[in-house]
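Given these sequences and hints, build the entire structure.
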Amino acid sequence: MKKILMSIGVLAILCVGVVACGNDDKQEDSQKKISLTVENEDLQTDSSKTATIKGKTEPFADIQVEGRFTSGDEKKNTQADKEGNFSQTVDWQTNYKVVAEKDGVKSNTVTVKVTHPQ
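Reading the sequence shown from the start, the letters are residues -22 to -1, 1 to 96 in mature numbering (1 follows the signal peptide of the UniProt record, and there is no 0).
No wet-lab data here; the hints were simulated from the structure.
Certain hints may be false.
To be verified - Computed cross-link-like contacts, DSS-like style, restricted to lysine-lysine with a CA-CA straight-line distance of at most 30 Å:
1) 91 x 53
2) 10 x 32
3) 80 x 91
4) 10 x 60
5) 11 x 84
6) 80 x 34
7) 80 x 53
8) 11 x 60
9) 60 x 34
10) 34 x 53
11) 91 x 60
12) 11 x 75
13) 10 x 54
14) 91 x 54
15) 32 x 11
16) 84 x 53
17) 75 x 34
18) 84 x 54
19) 54 x 34
20) 32 x 80
21) 54 x 11
22) 84 x 34
23) 91 x 75
24) 10 x 53
25) 27 x 54
26) 60 x 32
27) 91 x 32
28) 27 x 11
29) 53 x 75
30) 27 x 53
31) 10 x 84
32) 32 x 54
33) 80 x 10
34) 34 x 11
35) 32 x 75
36) 27 x 10
37) 27 x 91
38) 75 x 60
39) 75 x 10
40) 32 x 84
In structure tokens, the structure reads:
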């Protein structure tokens, strides 16, 4: 009887250990990133001294473009459409950092260099 109770106790401890250690899915989820691509990472402004950053990400993701704008803003926000396409007009010669976020999960940051033609 002692052996049976001892075996049940050991099995119970092993089961608890496996359950506690076996849930790596949550760790992997926190490391996931959503996709973000831009059409061109080197842009030139047009005759109106503006350029448009265009790209693709997850449908309805929030897009943040960080840089310098003539309005004095340092960030502009937009949202991807139902196909994941987005665009944001920029009006300064600088590097812009673009990041997408959806449901608390962010993309990698993409840097877009904008210059004025000579």
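Now for the hints, and whether the structure bears them out:
1. Only pairs whose Cα atoms come within 30 Å are accepted, and residue 91 paired with residue 53 is accepted, the gap being roughly 15 Å.
2. The hinted pair formed by residue 10 and residue 32 meets the criterion: a straight-line CA distance of about 23 Å does not exceed 30 Å.
3. With a C-alpha separation of about 25 Å, the suggested pair residue 80 and residue 91 falls inside the 30 Å cut-off, and the hint holds.
4. In summary, the hint linking residue 10 to residue 60 is supported, as the alpha carbons are separated by about 21 Å, within the 30 Å threshold.
5. Taken as a hint, the residue 11 and residue 84 pair is honoured in the structure, with Cα atoms around 6 Å apart against an allowance of 30 Å.
6. For the proposed pair residue 80 and residue 34, the alpha carbon gap of about 13 Å is at most 30 Å, so the pair holds.
7. This hinted pair checks out: residue 80 and residue 53 have alpha carbons roughly 18 Å apart, not beyond 30 Å.
8. Note on residue 11 and residue 60: the hinted pairing holds, with a Cα-Cα distance of about 19 Å set against a maximum of 30 Å.
9. Taken as a hint, the residue 60 and residue 34 pair is honoured in the structure, with Cα atoms around 11 Å apart against an allowance of 30 Å.
10. Of the supplied pair hints, the one linking residue 34 and residue 53 holds, its CA atoms being roughly 19 Å apart against a limit of 30 Å.
11. Between residue 91 and residue 60 the alpha-carbon distance is near 27 Å, which keeps this suggested pair within the 30 Å criterion.
12. Under the criterion of a C-alpha separation no larger than 30 Å, the hint pairing residue 11 with residue 75 is consistent with the structure, at around 16 Å.
13. Distance restraint check for residue 10 and residue 54: the Cα-Cα separation of roughly 24 Å lies within the 30 Å cut-off, and the hinted pair is therefore satisfied.
14. Taken as a hint, the residue 91 and residue 54 pair is honoured in the structure, with Cα atoms around 16 Å apart against an allowance of 30 Å.
15. Between the alpha carbons of residue 32 and residue 11 the distance comes to roughly 19 Å, so the proposed pair stays at or under 30 Å and holds.
16. Straight-line distance between C-alpha atoms of residue 84 and residue 53 comes to about 16 Å, which keeps the hinted pair within the 30 Å bound.
17. At roughly 15 Å between alpha-carbon atoms, residue 75 and residue 34 fall within 30 Å of each other, so this suggested pair holds.
18. Annotation: proposed proximity of residue 84 to residue 54 holds, straight-line Cα distance about 16 Å (limit 30 Å).
19. Between residue 54 and residue 34 the alpha-carbon distance is near 17 Å, which keeps this suggested pair within the 30 Å criterion.
20. Restraint check for residue 32 and residue 80: the C-alpha separation of about 18 Å stays at or below 30 Å, so the hint holds.
21. With a C-alpha separation of about 21 Å, the suggested pair residue 54 and residue 11 falls inside the 30 Å cut-off, and the hint holds.
22. With a C-alpha separation of about 14 Å, the suggested pairing of residue 84 with residue 34 holds against the 30 Å cut-off.
23. For the given pair, residue 91 sits about 9 Å from residue 75 by alpha-carbon distance, which is consistent with the 30 Å threshold.
24. The straight-line distance between the Cα atoms of residue 10 and residue 53 is roughly 24 Å, inside the 30 Å bound, and the hint therefore holds.
25. A distance of roughly 17 Å separates the Cα atoms of residue 27 and residue 54; the hinted pair therefore holds under the 30 Å criterion.
26. Between residue 60 and residue 32, the direct Cα distance comes to roughly 15 Å. Compliance with the 30 Å bound is thereby established for this hinted pair.
27. Distance check on the hinted pair: residue 91 and residue 32 sit about 13 Å apart at the alpha-carbon level, within 30 Å; holds.
28. Our distance criterion of 30 Å between C-alpha atoms is broken by residue 27 and residue 11, whose separation comes to about 33 Å.
29. Restraint check for residue 53 and residue 75: the C-alpha separation of about 9 Å stays at or below 30 Å, so the hint holds.
30. A hinted pair counts as satisfied when its Cα atoms are at most 30 Å apart, and residue 27 with residue 53 qualifies at roughly 18 Å.
31. Taking the CA atoms of residue 10 and residue 84, the gap is near 8 Å; set against the 30 Å cutoff, the hint holds.
32. Proposed proximity of residue 32 and residue 54 is supported: the alpha carbons are some 14 Å apart, at most 30 Å.
33. In summary, the hint linking residue 80 to residue 10 is supported, as the alpha carbons are separated by about 12 Å, within the 30 Å threshold.
34. Between residue 34 and residue 11 the CA atoms are separated by roughly 14 Å; this keeps the pair inside 30 Å, and the hint holds.
35. Restraint check for residue 32 and residue 75: the C-alpha separation of about 13 Å stays at or below 30 Å, so the hint holds.
36. For the hint linking residue 27 to residue 10, the alpha-carbon distance of about 37 Å lies beyond 30 Å, and the restraint is violated.
37. Taking the CA atoms of residue 27 and residue 91, the gap is near 14 Å; set against the 30 Å cutoff, the hint holds.
38. Only pairs whose Cα atoms come within 30 Å are accepted, and residue 75 paired with residue 60 is accepted, the gap being roughly 23 Å.
39. Restraint check: the Cα-Cα separation between residue 75 and residue 10 comes to about 20 Å, which is no more than 30 Å; the hinted pair holds.
40. With a CA separation close to 18 Å, the supplied pair residue 32 and residue 84 stays within the 30 Å bound.
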